[in-house]
Amino acid sequence: MKYSALNLAWHALRNHGGWPPAWRHARPKPSYDVIIIGGGGHGLGAAFYLASQHNINNVAVLEKGWLGGGNTARNTMTIRDNFLYPENVRFHRAAVESWHTLSNDLNFNIMLSKRGMTTVLMGDRDLSDAKRMVNTTSLFGAEHRIITLEELQQRLPLAESPQRLPIVGGIHHPDVVIARHDAVSWGYARAASKLGVDIIENCEVTDILCDAQGVTGVQTSQGKITTRKLGMAVSGHGKRVAAMADVCLPIETVPLQAIVSTPVKPILDNVVVLRGLNTYFVQSDKGELVMGSIAEPYPSYSQRGTPQVPEATIAAILQVFPVFERMQFMRQWAGALDITYDNSPIISKTEIDGFYVDVAGSGGFKTTPLAAMMHADLIANNRPDPLIEAYGLERFSSGRLILERASYGNR
Amino acid sequence: MIFIHCPHCGDRNEDEFTYGGDVEHRRPDKPDAMSDAQWCEYIYCVPNTKGWAKEHWWHVRGCNRWILVERNSINNELRKPDEDSGSE
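Those sequence lines, one after another, are chains A and B.
Be aware that the first sequence starts at 1, since it is given in this note's numbering, and climbs by one per residue.
Be aware that the second sequence starts at 412, since it is given in this note's numbering, and climbs by one per residue.
Excised from the complex, chain A in its bound form (with noise of 0.2 Å):
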């Protein structure tokens, strides 16, 4: 059934009572052409990308919880492109841009939010990196510009200027929006499901098949399945699955906490940065305050992340914005994300055929619409695209990596 306002009002007369499911429950059916590893944003994403652009319909997203209850559920929903390296910067820009028309291709809206970006600059190097950064993200067509000290102060009339603090100025960055994350997986398994995806909940995958050949097919808790092409878009735990076919990813598990407050009106619009102090906030559209810091300083897989994070953002953002000192403390979480040592993503072949993967996106929300079309399209053509060439495995054994310094990874 096509979403439209029709069919909205149609369905308010009959008090919403015959809304079909969004997407079909699937049992596995034994062989697919594509597998797909993980039904989060990503995964979800790279099945309805290989059904709409590449006409392969026969294709399983295997999840082992519920859709999107990954990190497409623990992320803080800000999309950017603020990078350092020609090669990052120039995905991330492809990757804005690849949401703009995301709610209409899919038939779903995402609610995307056009909010802008203010990154506040305290202190010479700060604004001497911002220049760096800038300089570099407008030979990519970026519009971001550093601001002075009073353009801030007008962009951020709740901001205030602590003496201790050495605010210059900042740096506005237009471009950037937030999406309602829950939608991005629903949306993506609502139009997969409708070209003939089978999106199967509740199914761990156990072990990878291979032979001599390559992939042959995976085991499940739901049992076996077989396909010559298996891609994976796991996070959190993509080298034990990449593992189970002896495929090992230079990969770490680390926490990346977030916290949300108690929803207030509308009194914030833009994503606001504060750069020397590791900390970055947004209001959604819920009204809640989103407050997001670094990773944690040490590895784990607990969804919990350490108590000193949360204290540290917190501290952080009422030093500059005192005006929130009352707000309440609604809940705090962390996704465990898989960091690359040099904090840029992995979409590449593996040294088995037809194992692909999508990992490591170091905060990968912001970039799924194009990381899963990049995904199918290396699953479908079986050779990477140019803009995702330098994302390869093999950078880690060639040295060419893209040391990014601007990623939650950071360390």
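The hints are simulated quantities; they were obtained by calculation from the structure and are not laboratory data.
Wrong hints could be hidden among the right ones.
[What the hints assert, rightly or not] Selected chain A positions facing chain B (Cβ under 8 Å, derived; list incomplete):
| hint | residue |
| --- | --- |
| 1 | THR136 |
| 2 | SER138 |
| 3 | PHE140 |
| 4 | GLY141 |
| 5 | LYS239 |
| 6 | ARG240 |
| 7 | CYS248 |
| 8 | PRO250 |
| 9 | GLU252 |
| 10 | THR253 |
| 11 | PRO297 |
| 12 | PRO299 |
| 13 | TYR301 |
| 14 | SER302 |
| 15 | TYR341 |
| 16 | SER397 |
Where is the CB? At the ideal position from N, CA and C, for every residue including glycine.
Since the structure of chain A is provided, determine the placement of chain B on it from the hints.
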């Protein structure tokens, strides 16, 4: 906040410590005899264990000694490692 047991100082806050890596991830005995591929494997194939693992921690904001800790990476639960003293 987890408390990490330092054999010299007792139970201390985790932010006095710095994580030093999995004990299983040993530096190669004969670095000169390693091929590039073996070096890559040593550098990039760290254990990343889910569950109990024995780890090095550095009590950097305490007694400044390296200690052995056994930690469950699922919930950050700690227990004393079977070999009592790993300090150097």
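Violations among the numbered hints
1, 2, 3, 4
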